Amino acid sequence: MAKLWTVTKREFLERVRNKWFIVVTIFGPVFFGVIMVLPAYLSVRGMRNVKVSDIRIIDATGTGLGDRVATRLNGGPMGDATATQVVLVAPGEVAAAESLATKDVMAKTRRGYLVLDSITIQQQRATYAGRNASSLGEMDSIENALRSALLGQRLEGEGLDPKRVEALTRIKVDMKAERITDKGRGGSGIGSAIFGFLIAFLLYMMIVLYGQAILRGVLEEKTTRVAEVIVSSVSPDVLLAGKVIGVGAVGLLQQAIWLGSAVALYQFREPIFLKLGMPAAPAIALPQVPPMLIAALVLFFILGYGLYAALFAAVGAMVSSQEDANQAAQPVVMLLVFSIIFAQPVMLNPTSRLAEIVSWVPFSAPVIMPMRMSAVQIPWYELVGTLTGVALTCALCVWISARIYRVGLLMYGKRPSMRELARWIRQS
Amino acid sequence: MAELALELRGITKRFADFVAVRSLTLDVPRGAVYGLLGPNGAGKTTTIRMILNVIAPDAGSITVLGTPNTAPGLLDRLGYLPEERGLYKKMQVRRVLRFLAELKGVDAKTANHRIDEWLERLSLRTPEKDWGNAKVDELSRGMQQKVQFIGTLLHDPEVVILDEPFSGLDPINAQALKDTVVELKHRGKTVIFSTHLMDNAERLCDSVCIIARGDKVLDGSVNGVKSEHHKRNIALSLEGTPSSGVAEILGDRSLISRMDDNNRYFELEMAPGGDPQLLLHRLIGAGALVQRFELIQPSLHQIFLDRVGATGVEEGMSGHG
Chain G
1 MAKLWTVTKR EFLERVRNKW FIVVTIFGPV FFGVIMVLPA YLSVRGMRNV
51 KVSDIRIIDA TGTGLGDRVA TRLNGGPMGD ATATQVVLVA PGEVAAAESL
101 ATKDVMAKTR RGYLVLDSIT IQQQRATYAG RNASSLGEMD SIENALRSAL
151 LGQRLEGEGL DPKRVEALTR IKVDMKAERI TDKGRGGSGI GSAIFGFLIA
201 FLLYMMIVLY GQAILRGVLE EKTTRVAEVI VSSVSPDVLL AGKVIGVGAV
251 GLLQQAIWLG SAVALYQFRE PIFLKLGMPA APAIALPQVP PMLIAALVLF
301 FILGYGLYAA LFAAVGAMVS SQEDANQAAQ PVVMLLVFSI IFAQPVMLNP
351 TSRLAEIVSW VPFSAPVIMP MRMSAVQIPW YELVGTLTGV ALTCALCVWI
401 SARIYRVGLL MYGKRPSMRE LARWIRQS
Chain V
1 MAELALELRG ITKRFADFVA VRSLTLDVPR GAVYGLLGPN GAGKTTTIRM
51 ILNVIAPDAG SITVLGTPNT APGLLDRLGY LPEERGLYKK MQVRRVLRFL
101 AELKGVDAKT ANHRIDEWLE RLSLRTPEKD WGNAKVDELS RGMQQKVQFI
151 GTLLHDPEVV ILDEPFSGLD PINAQALKDT VVELKHRGKT VIFSTHLMDN
201 AERLCDSVCI IARGDKVLDG SVNGVKSEHH KRNIALSLEG TPSSGVAEIL
251 GDRSLISRMD DNNRYFELEM APGGDPQLLL HRLIGAGALV QRFELIQPSL
301 HQIFLDRVGA TGVEEGMSGH G
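Chains as they are written, first to last, in the numbering used here: chain G, 1 to 428; chain V, 1 to 321.
Derived from the structure by calculation, the hints contain no laboratory data.
Given the structure is predicted, the values throughout are model-derived calculations rather than measurements.
Even for Gly, the Cβ is constructed at its ideal location relative to N, Cα and C.
Partner residues aside, some chain G positions facing chain V, computed with beta carbon under 7 Å:
no., residue
1, K3
2, T6
3, R10
4, T224
5, R225
6, V226
7, E228
8, V231
9, S232
10, S233
11, V234
Chain V regions said to be covered by chain G (calculated; three or more residues, Cβ under 8 Å):
no., region
12, 82-95
13, 99-110
Construct all of the structure, not just a fragment, from the sequences and the given hints.
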């Protein structure tokens, strides 16, 4: 046990001392922070710069609807409505006004134009054409302004005071979506989806990064022949175990730092957003995570990492050069890619047949199950079943890998064929 | 306390359809410097790996220091320097050494103390520069070999096993290695080393075992082996080119059974019944200017060639011995 500790300690300390580890660990959260804040920041900035008001309204209704829309587009009666150009035309001149407006839009003097006519009044239908027609946000605000203007007009038609109408129709709605499970309401829907995807992605990253690190570590010991010195002191099994545990601990430390800083970032998002001059932080409630779920997540995490770490170690012991390693590692990498390919469809529809099938495949379960678990309620038998499957596969992989490792560590030269590999496994 | 440092009893190792070591039995007395000799591919490294329990023999038993080599804790009493040498390149020398010592059960404090001692002794730590704080790949090849050698001895092993320790060493490091081996012997340690360089073995070893193609050819003390193979050998060197009369005498197969031209002298093996005095008499009679005429024991080199011959060397491999 003391020797296992020695090996584990070396693996851990040498990796943590590495300057790249320090750089990635510290700048990772900064990078994530930028990724998280930047889109929100840009969209807010974008919104402030949107010149939805910078359009022409061709009003053929003869009811002053165009002016009402212009007022609303420019922030109410207090706003500066001159930014929006309202052109009053007779119903017969609409076509001519439109072709003129098209030319202006093409010449970039206007962003676009809105056509209002009797159909708008009767059937609530209007036409907009412009350079920004594909911007959902901008179309939304024009539509809102039009709806509100129509409503105001109707209310005034019923004899309400225009000032009252103005006050009454200015309503801003904010809808919060919440998820309901068998246990009742819990957190926001989007929150758990993000949480689930985050867990799946973290595990995937951990396996890819640290699985490869194990492969490189084994290969280094093999090519520098350090392995031969070490196995004259400890058994190959101890060396393998120490390596997997040590590297895993490095990964966990890094994930802990990242998760910790993500939580901190989330806690202090209001001051950060304020500093950047953004009005309100997007309200994403952290999902309520029951302890059972956390336990299952950690189990999937450890077993999944163990499974792939063992496979990567076996690949490292099989080959004698980096080129061979890249090739021999491909089947293992394919298993991982296969898991992450299904992550998106599963996230979109976590109860589908596909989602269930890939949950039962031990090689993809560690990535897929945590995601599904945080999105939907998983029956207990499915949870226990898939977990057992992963555990058994993990044990099998460790057993096979340890055998390949024992023989391969001292074999140099040509990569073994499948037949030779089978003999290695039988032999040791 | 067991008399023997190492006892191999009929160990055999097969790889697929190839027999690396065949029923090898040998005894290494405690406190001896023991040479495991043989051409490349003879099975020396496989034997050493089996002794260290890195690979298991298919048959036979291995006893080290009186206990089976699978006994827990036994490996901590052995030191091993593999033939192919290497260390973690990006690791600090001191940390690598501490790691290797801890793997053998040495606590950090003792290890640090011994590391400093050894670094100073092999001049890797001088008042100007402490290479212990450098990374392994900043060191020259010779220095890396020294570091590896330190790693083999840090836990003060009772039995030191060196696989081809002299290969790739420059004369200065080879001398340092030789001095250390002799010093280990004086301290009562057992040193087992493999080599295909017979000259090294002859200078250093108390006892030897010669193996070829997985089979033991002979073993015993160097003196014993030599007297067993005592054929009357003569070292002869002459001034100038031998005259035709001299050449005729040297070609007389009733007098000399074999002649090996070593450039600076001939090594002659007397034929059965051949008299060295008669040979000397005839040579002088033929007008040869004799510079050296000495009765010598056969070298391990000669014995090796006699017993193993070219057939013992696997095809495509060259036994330099």
